[in-house]
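Asks: Listed here are the chains, written in short residue letters.
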Amino acid sequence: MPIEGLKIIGESINDSVPSTNKLYKENNIEGIKDLAKLQEEKGAAYIDVNVGSRTPEFMAQMVKEVQSVTSKPLSIDSPDFNTVKAGLEAYDLEKAGGKIPVLNSISPLRTEMFDLLKTYNFIPILMVSERNINGKSSPNHTVEATFETAKYMHAELKKYADLPNDQIIFDVGIAPIASDMEGLTKRTVESIKRINQAPKFKGVHMSLGLSNFTVMLPSKCKDGTPVKSSLESAFLTLTVKNGLDMVIGSVKRKYRILDDSHPAMQCLNDVLQKDGFEILMRVQSFYS
Amino acid sequence: MARNEELFNAVSGGKMDLVPELVQKELDAGAKPDEILQDSMIAAMREIGERFENEEAYVPEMLLAARAMQGGLSVLEPALAASGHEALGKVAIGTVKGDLHDIGKNLVSTMLSGAGYSVEDLGINCEVDKFAEAANKGAKVILCSALLTTTMPYMKEVIDHLKENNKDVKVIVGGAPVSQEFADSINADGYGEDANMAVKIVDKLYKAG
Chain A
1 MPIEGLKIIG
11 ESINDSVPST
21 NKLYKENNIE
31 GIKDLAKLQE
41 EKGAAYIDVN
51 VGSRTPEFMA
61 QMVKEVQSVT
71 SKPLSIDSPD
81 FNTVKAGLEA
91 YDLEKAGGKI
101 PVLNSISPLR
111 TEMFDLLKTY
121 NFIPILMVSE
131 RNINGKSSPN
141 HTVEATFETA
151 KYMHAELKKY
161 ADLPNDQIIF
171 DVGIAPIASD
181 MEGLTKRTVE
191 SIKRINQAPK
201 FKGVHMSLGL
211 SNFTVMLPSK
221 CKDGTPVKSS
231 LESAFLTLTV
241 KNGLDMVIGS
251 VKRKYRILDD
261 SHPAMQCLND
271 VLQKDGFEIL
281 MRVQSFYS
Chain B
1 MARNEELFNA
11 VSGGKMDLVP
21 ELVQKELDAG
31 AKPDEILQDS
41 MIAAMREIGE
51 RFENEEAYVP
61 EMLLAARAMQ
71 GGLSVLEPAL
81 AASGHEALGK
91 VAIGTVKGDL
101 HDIGKNLVST
111 MLSGAGYSVE
121 DLGINCEVDK
131 FAEAANKGAK
141 VILCSALLTT
151 TMPYMKEVID
161 HLKENNKDVK
171 VIVGGAPVSQ
181 EFADSINADG
191 YGEDANMAVK
201 IVDKLYKAG
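As given, the protein sequences belong to chains A and B, one line each in that order. Under this note's numbering, residues 1 to 288 are what the first sequence spells out, in order. Under this note's numbering, residues 1 to 209 are what the second sequence spells out, in order.
Some clues are possibly wrong.
Unchecked claim - Here are some, though not all, of the chain B residues that point toward chain A, as calculated from beta-carbon distances under 8 angstroms:
(1) Gln70
(2) Leu73
(3) Val75
(4) Gly123
(5) Val128
(6) Lys130
(7) Thr149
(8) Pro153
(9) Pro177
It is worth saying that the hints were derived from the structure and are not from the lab. Keep in mind the model is a prediction, meaning the values are calculated, not measured. Even glycine gets a Cβ: it sits at the ideal position worked out from N, Cα and C.
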């Protein structure tokens, strides 16, 4: 059973996915459209559209092509202003049943994107996993730094448009647990809680790219049980109750709420108590 | 000297608690520092690299092995220095401008150190100047990492600059969106699909140079 209240932004149409990159290179638009249909069928709430560094015109074309086969709203995914603008311009609100698109995502270095809110209606994803230091991006490694960036981005957004909180998504970022020697998993879990508890952020949505969490791990434990979907489900079990209500992820994964006695839950609960290499050893003992 | 199986297994198995004393035991028994390093420790790291490439070992195993190796080196280094040991060669690695991803870059850096190279880690968000400076300081191979399709094109700028100003330096590229085809299109000297392949390519370039 899917997790109640959790919406999935289907991640497949992304240039950095090798099989999708191949479709783009072969100009296999039907293949791209099939990805959109498949993700809708499997329950995606939004269909992400990322064309890599291709032109704004191509983004516009892809938005139209994808919307020709799905009634789900889209997530326009690019760090480039003109590419995003072309995607929003091409977006057909009626085809999406009146649902406005998501913009994935706006980093603290790209706040000029907010200017697009004067012309277009969309739900911005505000990236709060990194901050702007004198024009350079720097990763946030603590809960406080993440929370400060959330406040900063929220204030910047308000300068351009007075969006209600339920039309704002924070992406707190998530790091691979396979190399988490700095306790970044804990930072993510705690940051979600921190944002959820702040009165000024009441009603905001939170999202992150969940597949990143389990990259570089084996697909199966020694006993044949799955590694990735279990750890991702464990993560969701700990965070959905604290306000995480969206993930950019794979519709193929069977996300579910786990019982505390599940080995993946025990692993994740232990990880949150540990530091440095102890974290890696705990993860290793989960899958070996 | 043949490799010491116990030490080899302790390093490849990431047994941080065992490696330092096993190294000390070898030294006490009169083994040559350079041979301990080459035949048991570097051999173990290369073995882990192979297992990683074959999907028999994963990132946690690699990182734990590297830590065990470091633990052994802290015991071995004074003896190595006294024996006049030199690293296999000097290389530098960094993630390109606009890109903050460091996991892949760190893994490659770790495996290169484990394989016996002297590695200068330039960090993330590196502009051309940073790579050029490392080349000027003697790095013979420069490794550029990028995880975003939007930062990948910057690798070409790095290569163009280095080819013009540091003719002898070789440049290898890598990162999730990077392919051999892309590497060829920007005139890179090599492409590392994963951390172990990157080590093999550095080996090849060093042998050729």
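Asks: Determine for every hint whether it applies to the structure shown.
Replies: Status of each hint after checking the structure:
With 8 angstroms as the threshold, the beta carbon of Gln70(B) stays out of range of chain A, its nearest partner Cβ sitting at about 11 angstroms, so the hint is violated. Because the smallest distance between the Cβ of Leu73(B) and any Cβ of chain A comes to about 16 angstroms, over 8 angstroms, the interface hint for this residue is violated. Residue-level restraint check for Val75(B) is violated (minimum Cβ-Cβ distance to chain A is 18 angstroms; threshold 8 angstroms). Hint status for Gly123(B) relative to chain A: violated, with the closest Cβ pair at about 11 angstroms, above 8 angstroms.
Hint status for Val128(B): violated, given a least beta-carbon distance of 15 angstroms to chain A, over 8 angstroms. The closest approach between the C-beta of Lys130(B) and any C-beta of chain A is roughly 13 angstroms, which is over the 8 angstroms cut-off, so the hint fails. For Thr149(B), the interface hint holds, the least distance from its beta-carbon to any beta-carbon of chain A being 4 angstroms, beneath 8 angstroms. Because the smallest distance between the Cβ of Pro153(B) and any Cβ of chain A comes to about 7 angstroms, under 8 angstroms, the interface hint for this residue holds.
A distance limit of 8 angstroms between C-beta atoms decides the matter here; for Pro177(B) the minimum to chain A is near 5 angstroms, and the interface restraint holds.
Comparing the model with each earlier hint shows violations of hints 1, 2, 3, 4, 5 and 6; every other hint is respected.
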